[in-house]
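Full structure from sequences and hints, please.
Just so you know, the sequences run in chain order A and B.
According to the numbering used here, the first sequence is numbered sequentially starting from 1.
According to the numbering used here, the second sequence is numbered sequentially starting from 1001.
Honestly, the hints are just simulated from the structure, not real lab data.
A virtual CB, placed ideally from N, CA and C, is assigned to each residue, including glycine.
Worth double-checking, as some hints may not be accurate.
Claimed, not checked - Footprint (simulated), chain B over chain A, 3 or more residues, beta carbon under 8 Å:
id, segment
1, 60 to 66
2, 100 to 114
To be verified - Dumping the calculated BS3-like pairs for lysine-lysine here, alpha-carbon to alpha-carbon at most 27 Å:
id, chain 1, residue 1, chain 2, residue 2
3, A, Lys-161, B, Lys-1006
4, B, Lys-1037, B, Lys-1057
5, B, Lys-1042, B, Lys-1052
6, A, Lys-75, B, Lys-1057
7, B, Lys-1006, B, Lys-1052
8, B, Lys-1024, B, Lys-1037
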Amino acid sequence: MRVAVIRFPGSNCDLDMMAALRTIKGIEPVLVWHEDGGLGGSDYGAVILPGGFSFADRLRAGAIAANSPAMARVKRLAERGVPVLGVCNGFQILVESGLLPGALLRNSTLRFVCEWTHVRVENTRTPFTSGLREGQVLSMPIAHGEGRFFLQHAELARLEKEGLVAFRYCDASGRPTAGSNPTGTLHNIAGVCNAEGNVVGLMPHPERAAEALLSILGRPDGSLVLSSLMVRSEGRWGA
Amino acid sequence: MVISNKPGVREPEGETILHDLVAKSGFQQVESIRAGKYLRVKVVAPDPASAKRLVEKMCNELRIFNPAAHSCEVSIGRVPVQ
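Have a look at this one:
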């Protein structure tokens, strides 16, 4: 499966993502510049928006990249059911482009938070969680200043009811406690998906936790997120 | 235009300015401070109403603000033609 990793000016996790994807059997990652026409072809099995500081976070993290030529094409691919993953700044871009609901506001501490977190898998009906168990606790790092997921009360309730929260910050035993919430994000939300399940965004970095050697717990948990792409499941994405 | 968090959305910068600067400095009458983003936009338009419509259209189409969390207030003033 060819997987497009889109590079924007200011992306800085693109090469880490490429390296992590190369370790997964069956995935051939391709780095695509955001202004290239290359995404027009339909031969990509998935698209990944990596982390970083696209356009220096000007206006608002992800807001300028959301209007880039690549995102118009990503929207068309997403509508066709192609799996799309946004990590950190990629998640911010997906939210700002309207492909995912809500907003990612400044952390309640006003600080850039860079630390290892535990996240609980809440929804396994997406192409990036199909290789995981519901309730499984993953160890992955975060590094961001704007990751406080926000939705107005009624919309948040609907998101929860429809099971569109994909990942939630939790303690080591899987409880989503206030102490395990690093940013003030509502309901400890670390990642969400769209109603179809094919578009997923999360703040933690799977690519930085894709090898045991890089992980604080010695577990390649991030790799399980990326390798889910190769797992067939009952999700509704794709054909 | 001024982009700010909607009422009910916490705004930690304003809270810090209020609690750690203003309230501690004797200005107890100040009840609330909300920080936001300010963009000053110069447009060429025949009249203020059409200038405002243009800026509002731009805000909505380019998502200058995120409607899930922000409100955007546009106010108009005249700039002399140079």
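Do the hints match the structure? See the list:
no.: 1; hint: 60 to 66; verdict: holds (count 3)
no.: 2; hint: 100 to 114; verdict: holds (count 9)
no.: 3; hint: Lys-161(A) - Lys-1006(B); verdict: holds (24 Å)
no.: 4; hint: Lys-1037(B) - Lys-1057(B); verdict: holds (18 Å)
no.: 5; hint: Lys-1042(B) - Lys-1052(B); verdict: holds (11 Å)
no.: 6; hint: Lys-75(A) - Lys-1057(B); verdict: holds (21 Å)
no.: 7; hint: Lys-1006(B) - Lys-1052(B); verdict: holds (21 Å)
no.: 8; hint: Lys-1024(B) - Lys-1037(B); verdict: holds (25 Å)
Hint compliance for this structure: no hint is broken.
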